Each structure stands twice: as C-alpha cells, then as structure tokens.
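Visitor: The numbering of the sequence shown is the UniProt record's numbering, which starts it at 1 and goes up by one.
It is possible that some hints are incorrect.
[To be verified] BS3-like, lysine-lysine: derived pairs with alpha carbons at most 25 Å apart:
hint, residue 1, residue 2
1, K65, K35
2, K65, K55
3, K120, K65
4, K120, K55
Simulated from the structure, these hints should not be mistaken for laboratory data. Quick caveat: nothing in here was measured; it's all calculated off a predicted structure.
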Amino acid sequence: MYADFIGCAGSIFDLTTPLYPGYFLPLASLGNLAKAVGRGFRDPSNRVIQNHFAKSGNLGEIAAKEEVWEVGAQLVGLSIGVLILDTPGIQSSYLTLTLTWLGVRLLHLWFRYQSLVVLKFRTVRCWT
1 MYADFIGCAG
11 SIFDLTTPLY
21 PGYFLPLASL
31 GNLAKAVGRG
41 FRDPSNRVIQ
51 NHFAKSGNLG
61 EIAAKEEVWE
71 VGAQLVGLSI
81 GVLILDTPGI
91 QSSYLTLTLT
101 WLGVRLLHLW
111 FRYQSLVVLK
121 FRTVRCWT
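Using the sequences plus the hints, can you model the full thing?
Guide: Have a look at this one:
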C-alpha cells in the first residue's frame, strides 16, 4: 500500500503541471521519479506474493501470467481513462479533472486494499 501512496504523490506532481507550465519539466520529472520509487517498493512485495502462489516451483510461469494480466488491466484502465477524459466537461474544468482523478485514485486504492487484505502468509509479521 505504501507503494501506491508514493505513486499517488507522483500522479499529483503530474496533475499540477497544467497549473505551473513554467515548471513542467521539474514537476513531470518529480512525478516520474516518485512513480518509479513506488514501483521499486511494489515489485519486491509482488515477488513474495508470486512465490506464495508458485507451489510447484513454477515461479516463472506465475510471474509471466501476472505480467500479462497486469498489462491487460493497464490497457483497460488506459482505455477507460481516455473515454473519461474525452468527456467535454472534464476537459474544460481543472477542478472536475482533479475530482475525477481523486475518485479514480481512491477507487484504485480501495481495490488494492481489498486484494491485499485477503492474503495470509505464515512468514509475515502482523502488527495489528
């Protein structure tokens, strides 16, 4: 979940670029850096989850399948995003764009939480 929050921070930098066009390059660079750091935090935890599902030593197969599903989900999300952004009201109002981004981001975080809360590992400590 921390990786997703860092990715959100990167998206916020991207989202502020229209407000400060003179600082486009630094803001976009910080956004990409934050998203890359988020991916760096996410990838090792994904490997732990993949190891959990690789019961018969088929980690490569599990990783390949997960990557295919991830790319497919990204393409579907990109398509939905393009359709949403093609709506005239969203394009003309920065506030509407920001609220739409916030709604989609909160939905993403909720889905991520729902997918992680069901995982149970014997080797991970839980401080709840």
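Visitor: Within 25 Å, alpha carbon to alpha carbon, are K65 and K35?
Guide: 23 Å, holds
Visitor: Can you confirm whether the C-alpha distance between K120 and K65 stays at or below 25 Å?
Guide: 21 Å, holds
Visitor: Compare the distance between the alpha carbons of K65 and K55 with 25 Å, and conclude whether the hinted pair is satisfied.
Guide: 15 Å, holds
Visitor: Would the hint linking K120 and K55 be met if the CA-CA limit is 25 Å?
Guide: Judged against 25 Å, a Cα distance of about 15 Å means the pair holds.
Figure legend: structure checked against the earlier numbered hints; every hint is met.
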